[in-house]
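Here the sequence shown is numbered in the working numbering, starting from 1 and rising by one per residue.
In case anyone wonders, no lab produced these hints; they're calculated from the structure. Note that the structure is a prediction, hence the values are computed from the model and not measured. Take the hints with a grain of salt, since some may be wrong.
The calculated lysine to any residue pairs, modelled on SDA-like cross-linking and capped at a C-alpha distance of 20 Å, are [to be verified]: (1) K39 x E29; (2) K39 x I22; (3) K39 x Q26; (4) K39 x S10; (5) K39 x I15; (6) K39 x E20; (7) K39 x F12; (8) K39 x A8; (9) K39 x G28; (10) K39 x Q17; (11) K39 x T21; (12) K39 x L16; (13) K39 x D6; (14) K39 x P7; (15) K39 x D14; (16) K39 x L11; (17) K39 x L9; (18) K39 x S5; (19) K39 x R55; (20) K39 x L19; (21) K39 x F13; (22) K39 x I49; (23) K39 x T50; (24) K39 x S51.
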Amino acid sequence: MSRKSDPALSLFFDILQTLETINAAQLGEDVAELWQAIKTVAQAEAEQITSNERR
Numbered sequence: 001m002s003r004k005s006d007p008a009l010s011l012f013f014d015i016l017q018t019l020e021t022i023n024a025a026q027l028g029e030d031v032a033e034l035w036q037a038i039k040t041v042a043q044a045e046a047e048q049i050t051s052n053e054r055r
């Protein structure tokens with residue numbers, strides 16, 4: 001199951017992107033870096049889930 005084929009996963013990443021944008025504008029680079037780290041972990045988790053589903 002990929003991000004594009006899973007509406008819930010797609011929405012999750014859209015929300016992360018929105019939060020990253022809002023927080024970066026309000027609180028600066030530190031928060032943007034934090035959200036980028038969260039997004040990176042979430043993407044890795046999504047890839048792992050996708051990999052496990054293929055098995």
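Right, here's what the structure says about each hint:
1. K39 x E29: holds (15 Å)
2. K39 x I22: OK: K39 and I22 at ~14 Å, within 20 Å.
3. K39 x Q26: Judged against 20 Å, a Cα distance of about 18 Å means the pair holds.
4. K39 x S10: Roughly 12 Å between the alpha carbons, so the hint for K39 and S10 holds.
5. K39 x I15: The given pair, whose Cα atoms are some 10 Å apart, holds under the 20 Å limit.
6. K39 x E20: Between K39 and E20 the Cα gap is close to 9 Å, so the pair holds against 20 Å.
7. K39 x F12: The given pair, whose Cα atoms are some 10 Å apart, holds under the 20 Å limit.
8. K39 x A8: holds (15 Å)
9. K39 x G28: holds (17 Å)
10. K39 x Q17: Roughly 8 Å separates the two Cα atoms, so the pair holds.
11. K39 x T21: holds (12 Å)
12. K39 x L16: holds (7 Å)
13. K39 x D6: holds (17 Å)
14. K39 x P7: holds (17 Å)
15. K39 x D14: The given pair, whose Cα atoms are some 10 Å apart, holds under the 20 Å limit.
16. K39 x L11: Distance of about 13 Å is within 20 Å: holds.
17. K39 x L9: Satisfied, since the Cα-Cα distance of roughly 12 Å is no more than 20 Å.
18. K39 x S5: holds (19 Å)
19. K39 x R55: violated (25 Å)
20. K39 x L19: Judged against 20 Å, a Cα distance of about 10 Å means the pair holds.
21. K39 x F13: holds (8 Å)
22. K39 x I49: This hinted pair holds, its Cα atoms lying about 15 Å apart.
23. K39 x T50: Holds. K39 to T50 sits at ~16 Å (cutoff 20 Å).
24. K39 x S51: Cα-Cα ~18 Å, so holds.
In summary, the one numbered hint that this structure violates is 19.
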